[in-house]
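Asker: One-letter residues, chain by chain:
Number of protein chains: 2
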Amino acid sequence: MVSKNQIKLITSLQQKKFRKQHKLFIAEGVKVIQELIDANYKLNDLFTTQNDFSNLKTGKIHAITQADLKKISALTTPNTCLATFSIPENIKIELNGLVLALDSIRDPGNLGTIIRLCDWFGIETLLCSEETVDVYNPKVIQATMGSISRVSIVYCNLENELKESKIPVFGTFMDGKSIYNESLPHEGIIVMGNEANGISSTIEKIVSERISIPRFGNLQLTESLNVATATAIILNEFKRPN
Amino acid sequence: MVSKNQIKLITSLQQKKFRKQHKLFIAEGVKVIQELIDANYKLNDLFTTQNDFSNLKTGKIHAITQADLKKISALTTPNTCLATFSIPENIKIELNGLVLALDSIRDPGNLGTIIRLCDWFGIETLLCSEETVDVYNPKVIQATMGSISRVSIVYCNLENELKESKIPVFGTFMDGKSIYNESLPHEGIIVMGNEANGISSTIEKIVSERISIPRFGNLQLTESLNVATATAIILNEFKRPN
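Chains as they are written, first to last, in our numbering: chain P, 2 to 243; chain W, 2 to 243.
Possibly wrong hints are sitting among the right ones.
[Said to hold, decoys possible] Below, computed lysine-lysine pairings styled on DSSO-like, alpha-carbon distance capped at 27 Å:
| # | chain 1 | residue 1 | chain 2 | residue 2 |
| --- | --- | --- | --- | --- |
| 1 | W | K140 | W | K178 |
| 2 | P | K206 | P | K93 |
| 3 | P | K164 | P | K178 |
| 4 | W | K18 | W | K71 |
| 5 | P | K140 | W | K24 |
| 6 | P | K93 | P | K140 |
| 7 | P | K240 | W | K240 |
| 8 | W | K93 | W | K9 |
| 9 | W | K240 | P | K178 |
| 10 | W | K140 | P | K71 |
| 11 | P | K21 | P | K9 |
| 12 | W | K71 | P | K140 |
| 13 | P | K240 | W | K178 |
| 14 | W | K43 | W | K140 |
In case anyone wonders, no lab produced these hints; they're calculated from the structure.
Bear in mind the structure is a predicted one, so any value in this text is a computation, not a measurement.
Please build the complete structure, drawing on both the sequences and the hints.
Answerer: Printed below as a string of structure tokens:
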């Protein structure tokens with residue numbers, strides 16, 4: 002059973018300002034919810050149409066109908082369960098090893114896919130500029146498939162953070178040096194730019210190493226890669242044995 | 002000006018059965034439309050709110066209002082123009098060089114992104130199983146950003162096509178050999194599987210080379226990569242100099 006007030010609260014969490022106000026976010030589906038619980042995210046409420054979480058020792062489970070789930074879900078086709086979790090406090094991070102930084106990524110699906118890539122390649126820290134889409138956006142949470150629990154994601158003034166970096170800052174540009182020819186280190190910050198505009202001019206000035214992914218197709222016509230696939234190729238090049 | 006019949010026809014093209022019936026598909030935005038025209042796709046009608054295509058020598062341009070464009074657009078935020086193009090006949094292709102094959106990719110965004118990757122890496126032929134999402138789906142067309150005009154896309158009975166292949170057939174599996182250790186040839190068919198289920202058992206039997214992308218993150222927890230990012234990494238490994 003879900004009350005009118007709960008419906009109002011939960012659907013409001015689809016908007017960033019209410020997530021900020023209530024310090025809560027939503028996650029849907031057994032897999033994503035279970036991964037967040039396992040990673041010690043603080044569960045607030047869990048609404049389920051099935052007996053999915055019977056081993057969960059908490060009084061916060063609410064049995065609801067499919068019709069009620071539809072009222073609170075952010076998905077076109079609701080799953081069997083939805084949970085609200087507390088947004089953790091921003092942690093202070095040390096920039097070492099390989100770090101990925103996002104300069105104004107706007108698409109929730111791209112951010113979710115990039116978080117999965119960080120998880121795959123063992124990148125522990127993801128810096129996001131303040132203009133980057135909110136990681137607690139329901140579309141991002143769903144696209145991460147639970148991997149959000151294994152990557153530290155920090156929103157920051159990217160310019161200030163990068164300026165203070167003691168490790169090299171890499172950025173991808175059309176005129177950069179080929180990633181196939183460079184000896185890529187085990188330590189550095191890799192900046193990926195906005196879907197439409199690439200890396201901003203403010204951040205470009207701080208980049209110490211300009212790199213590029215060589216093209217093999219028609220050089221005059223092929224324009225660009227999607228930012229998530231470009232991130233996949235670059236992380237692969239940094240991590241693969243040479 | 003757009004007539005009621007035109008609105009009915011154009012919006013019907015968002016569905017595969019009507020695209021098949023009318024042998025037409027829609028594309029939106031100056032960039033995508035211009036690339037299709039340049040690649041000699043047969044333009045049927047062009048509706049525009051601006052003087053975008055003034056150098057186009059055809060009587061098929063219709064000036065319309067933004068309100069009319071909204072009625073025919075498949076986008077949440079319509080662009081300035083929409084065109085209908087004829088669907089080309091399926092061509093007979095020779096399987097040589099590097100070929101990508103999709104075994105039941107369902108997400109339009111993934112297919113669009115994979116077509117951009119083929120264009121980037123100079124993969125000229127993309128085989129799609131009949132269960133793969135239709136390439137003329139408006140969401141695929143938009144996601145390709147025009148690169149569809151530079152890749153030959155063929156829907157086929159993938160099992161039969163692969164069985165007849167004279168070049169090796171590669172498939173990605175968790176237990177495959179690391180792509181970092183294998184010497185990857187310049188000729189072969191690379192099969193990518195469905196988002197949820199991977200490569201089907203029918204196709205798995207035809208795969209001659211089982212490969213895998215090594216993981217660097219927490220080996221027990223990280224589950225999988227998105228199919229488009231996995232394709233990016235694999236094509237990069239096949240094409241990069243060693």
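Asker: State for each hint whether it applies.
Answerer: Against the structure, the hints:
{"no.": "1", "hint": "W:K140 <-> W:K178", "in the structure": "35 Å, violated"}
{"no.": "2", "hint": "P:K206 <-> P:K93", "in the structure": "25 Å, holds"}
{"no.": "3", "hint": "P:K164 <-> P:K178", "in the structure": "22 Å, holds"}
{"no.": "4", "hint": "W:K18 <-> W:K71", "in the structure": "22 Å, holds"}
{"no.": "5", "hint": "P:K140 <-> W:K24", "in the structure": "34 Å, violated"}
{"no.": "6", "hint": "P:K93 <-> P:K140", "in the structure": "26 Å, holds"}
{"no.": "7", "hint": "P:K240 <-> W:K240", "in the structure": "17 Å, holds"}
{"no.": "8", "hint": "W:K93 <-> W:K9", "in the structure": "33 Å, violated"}
{"no.": "9", "hint": "W:K240 <-> P:K178", "in the structure": "17 Å, holds"}
{"no.": "10", "hint": "W:K140 <-> P:K71", "in the structure": "25 Å, holds"}
{"no.": "11", "hint": "P:K21 <-> P:K9", "in the structure": "15 Å, holds"}
{"no.": "12", "hint": "W:K71 <-> P:K140", "in the structure": "25 Å, holds"}
{"no.": "13", "hint": "P:K240 <-> W:K178", "in the structure": "17 Å, holds"}
{"no.": "14", "hint": "W:K43 <-> W:K140", "in the structure": "20 Å, holds"}
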